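Engineer: Next come the chains, spelled out residue by residue.
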Amino acid sequence: MTGKRLREILGFSLLKISIGIVGLILIIILYDIVSKGAGKISWEFLSSMPKKGMTEGGILPAIVGTVLVTIITAILAVPLGMGCAIYLNEYARDSKITRLIRMSIRNLSGVPSIVYGLFGVVLFVQSMHLGTSILSAGLTLGLMTLPWTITASEEALKSVPDSYREGALALGATKWQAIKTNVLPYAIPGMLTGTILGLARAAGETAPILFTGAAFYLPFLPRSLFSQFMALPYHLYIMSTQHHAITKVRPIAYGTAFVLIALVFTMNLFAIILRYRLRKRKME
Amino acid sequence: MQDIKIKIDNFNFYYDGVKALKNVYMDIRKNQVSGIIGPSGCGKSTFLRSLNRMNDVILGSKAEGKILIDGKNIYEPDVDVVDIRRRVGMVFQKSNPFPKSIFDNVAYGLKINGIKDRGYIAQKVEKSLKDAALWNEVKDRLNQNAFELSGGQQQRLCIARALAVEPEILLMDEPASALDPTATLKIEELIQELKKKYTIVIVTHNMQQAARISDFTAFFMLGELIEYGETSKMFTKPSKKITEDYITGRFG
Amino acid sequence: MMLKKYKEKIIHGVFFFNGLLVVIVLLGIFALLVFTSIPAFKEISLRQFLFSASWNPTSYVKSSYGIVSMLVSTLMVTLGALLISIPLGIGTAAYLSDVASPRVREIAKPIIEILAGIPSVVIGFLGIVLVGPLIAKIFGLHNGLNAVNGSVLLAVMALPTIVSLSEDALKSVPKSYSQASLALGATHWQTLIRVKIPAAISGIIVASMLGMGRAIGETMTVLMATGCAPAMPRNFLDSVRTMTSTIAIELGEVPYNTAHYYALFGIGLVLFIITFIVNMSSDIILHKYERKAK
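Chains as they are written, first to last, in this note's numbering: chain W, 1 to 284; chain V, 1 to 252; chain P, 1 to 294.
These aren't lab readings, by the way, just hints derived from the structure by calculation.
Errors might be hidden in some of the hints.
The calculated SDA-like cross-link candidates involving lysine to any residue, where the alpha carbons are at most 20 Å apart (straight line), are [what the hints assert, rightly or not]:
{"id": "1", "chain 1": "P", "residue 1": "K171", "chain 2": "P", "residue 2": "Y261"}
{"id": "2", "chain 1": "V", "residue 1": "K111", "chain 2": "P", "residue 2": "A199"}
{"id": "3", "chain 1": "W", "residue 1": "K280", "chain 2": "W", "residue 2": "Y217"}
{"id": "4", "chain 1": "W", "residue 1": "K4", "chain 2": "V", "residue 2": "P77"}
{"id": "5", "chain 1": "W", "residue 1": "K175", "chain 2": "P", "residue 2": "I10"}
{"id": "6", "chain 1": "V", "residue 1": "K197", "chain 2": "V", "residue 2": "A133"}
{"id": "7", "chain 1": "W", "residue 1": "K96", "chain 2": "P", "residue 2": "L286"}
{"id": "8", "chain 1": "P", "residue 1": "K175", "chain 2": "V", "residue 2": "N145"}
{"id": "9", "chain 1": "V", "residue 1": "K111", "chain 2": "W", "residue 2": "G3"}
{"id": "10", "chain 1": "P", "residue 1": "K9", "chain 2": "W", "residue 2": "T181"}
{"id": "11", "chain 1": "W", "residue 1": "K4", "chain 2": "V", "residue 2": "V57"}
{"id": "12", "chain 1": "P", "residue 1": "K4", "chain 2": "W", "residue 2": "G172"}
{"id": "13", "chain 1": "W", "residue 1": "K16", "chain 2": "P", "residue 2": "K109"}
{"id": "14", "chain 1": "W", "residue 1": "K180", "chain 2": "P", "residue 2": "V14"}
{"id": "15", "chain 1": "V", "residue 1": "K111", "chain 2": "W", "residue 2": "K280"}
{"id": "16", "chain 1": "P", "residue 1": "K137", "chain 2": "W", "residue 2": "G172"}
{"id": "17", "chain 1": "P", "residue 1": "K62", "chain 2": "P", "residue 2": "L286"}
{"id": "18", "chain 1": "P", "residue 1": "K175", "chain 2": "V", "residue 2": "T46"}
{"id": "19", "chain 1": "V", "residue 1": "K62", "chain 2": "V", "residue 2": "G41"}
Since the model is a prediction, treat every value here as computed from it, not as a measurement.
Using the sequences and the hints, build the whole thing.
Structural biologist: If you want it as structure tokens, here you go:
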């Protein structure tokens, strides 16, 4: 065995160890959450209100809160994200402004989530007088999710062949007609996939909702979009750091973590299956 | 009778189940230039790449038969492919210098073979560049990026790079097809010089080039070796009609 | 006919405005941070803010607003995270691009995607319940909430970014380089180390920088797992409090429109500027690389 060969075997072993470690990390994470959290899951846990200062009872308000806030996020991020992507891919030419827009998107995706929270507090909670509410939190998360929906939508638009556009234009359609009838129908499924992934990420975020509406103990469902709300990620955070009986409520924390991961995974899975189905349909 | 450097013995090659080379028998002579001609898609490049087992990197490929270099079959399971590739150098159709300096390009082969002596490396780099007729043009700018050379110079750099590891055989896949006539001429002159030390196998789609520079010519079609012999004879009195048709330009 | 044209122009304008919106949002965030932090410097000296290590806004004796300890804390956990995630990330990326069979790649890519999708609060939670006790046991500490913990967790968060961008960079190295290297008698490993990785280095650097940006901006993981003691950390086994943690901890309790309140926005501004610089630098590097390749 030559020295070259030996070094190759060693080197590739190192690489295999790398992926092994990464895989191991994921397995540990999932194993811990699932093994210690799944036991807590019951219909009661998922459907009842918290009781006794959150030492007993369920997490229904948190689930509902997360769902509601994610809906608001979607209402802001999806149409505006798609619109921006349509502009960039269908209308924009390579100019200073276009480059500026793209640079802004990249930077926005790098802004720390807590800074979005700061922005939300001043803009939505205070200036727009929305107070700490589902609306404020949802809008804040929406801004944070924008770069994701834009990027995902743009990829979907890019994958529509130019011939579709040209075909419509050659028949006398206006640009918008061509887009509406010959591009969007084929791009929307892909846009949805990417958008769902972005929303899954938003559902798991805590920092932007810390000060824009999330509350810890509300043993009732939110009354309106203007009320404060419980949320799964915030719940997990408080349960594991600031609760007065931390060790006692640890099982509830695990249960919350499990539900949160399950929610995020389900959304991701849904998006991946959607993407798979679309790819299949495209090949037909 | 000159020495036979490479003996191809009933060699077959498959890409994903499709037979690309059929029952090839050929004796390639030492220190001679053997030219491979034939219409597009006839398997010329596949044949060339079989001689240094570069085809191995293509998934789904399979080789049958023997290729013997100095009497030893390179397709035997215990053969060190990496070593074969050092002994059988290759120059590609489109020059592919590394994104490194001129010096580092030529020195690469030495470094991967464990040579660390800087003085020795510098010596070998100079010699290889001289053998490739490039030294005078680059000796003052060895640290420049290889991409700043012209196309013809890059190709000669690739030749120098291949020569640095002291191969016995040099495979060239249409080495001048991307070059202008002046650069092509330089490469052809170089090949005539190189054959004194190396056995050269060159694929070309340019028949006039084959006639000019190769001592022996092999005509392939659809994966089969149709005819093989001394160039002068092949081009004046080929024994198969189809060879004659190709050479006279009736098709191809 | 005129109506049609007019309608088209309006639609174009609407989409253009939609596109411009992102620029407006970015500028808006910047402007808001600036305007909300400026009032702070009526009472606090900029010098103290930027150069003092003592952050004690609620002190009875003398309140101080120095961010140096926070900067150091952020730097420590970020550096620690990069030390772990860059080699691991490049190794994984190299494995995926050069060693893995297509079947293995089919399994490995979802693993990376799933890892990327785990919410930061869950990672932070595991820092408390899993990593913390482990660190405490290894180093014989009272609890394991410190910079080491934070580094490990941030490494996990930065990994997916580093892996996928590095893999893209390696994949886009022209095949001709690998072919040339193999034809000279190099092994695949030698080709990877001596040719492919150097050729992809700009992309790998950008991947690492974006991973670093993620680590710097992370809030929940460090908030939950690093102990959050506001003093200047002495070593990696000390509790640290990053800039993000400070904002997260104090914004909830600080009264609106006080110097303290404005100062927190000042920290937010510093964070924004840092991540902005990281992003712009990676843009420049990528741009230079694209030009060289041509």
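Engineer: Give a verdict on every hint.
Structural biologist: Right, here's what the structure says about each hint:
At most 20 Å may separate the alpha-carbon atoms for a hinted pair to count; P:K171 and P:Y261 exceed this at roughly 48 Å. The suggested pairing of V:K111 with P:A199 holds, with an alpha-carbon distance near 17 Å, which does not exceed 20 Å. Of the supplied pair hints, the one linking W:K280 and W:Y217 is violated, its CA atoms being roughly 46 Å apart against a limit of 20 Å. About 18 Å separates the Cα atoms of W:K4 and V:P77, which keeps this hinted pair within 20 Å; it holds.
A threshold of 20 Å between alpha carbons decides the hint, and for W:K175 with P:I10 the separation of about 12 Å falls inside it, so the pair holds. About 15 Å separates the Cα atoms of V:K197 and V:A133, which keeps this hinted pair within 20 Å; it holds. Proximity of W:K96 to P:L286 is assessed by CA-CA distance (about 18 Å); at most 20 Å being required, the pair is judged to hold. Taking the CA atoms of P:K175 and V:N145, the gap is near 19 Å; set against the 20 Å cutoff, the hint holds.
Among the hinted pairs, V:K111 with W:G3 is consistent with the structure: their alpha-carbon atoms are about 13 Å apart, no more than 20 Å. Only pairs whose Cα atoms come within 20 Å are accepted, and P:K9 paired with W:T181 is accepted, the gap being roughly 18 Å. Note on W:K4 and V:V57: the hinted pairing holds, with a Cα-Cα distance of about 18 Å set against a maximum of 20 Å. For the hint pairing P:K4 with W:G172, the CA-to-CA distance comes to about 12 Å; that is within 20 Å, so the pair holds.
For the hint pairing W:K16 with P:K109, the CA-to-CA distance comes to about 14 Å; that is within 20 Å, so the pair holds. Between W:K180 and P:V14 the alpha-carbon distance is near 15 Å, which keeps this suggested pair within the 20 Å criterion. Among the hinted pairs, V:K111 with W:K280 is inconsistent with the structure: their alpha-carbon atoms are about 48 Å apart, more than 20 Å. A hinted pair counts as satisfied when its Cα atoms are at most 20 Å apart, and P:K137 with W:G172 does not qualify at roughly 74 Å.
Taking the CA atoms of P:K62 and P:L286, the gap is about 47 Å. The hint is violated against a cut of 20 Å. Restraint check: the Cα-Cα separation between P:K175 and V:T46 comes to about 17 Å, which is no more than 20 Å; the hinted pair holds. With a C-alpha separation of about 18 Å, the suggested pairing of V:K62 with V:G41 holds against the 20 Å cut-off.
Consistency note: the structure conflicts with the earlier hints numbered 1, 3, 15, 16, 17.
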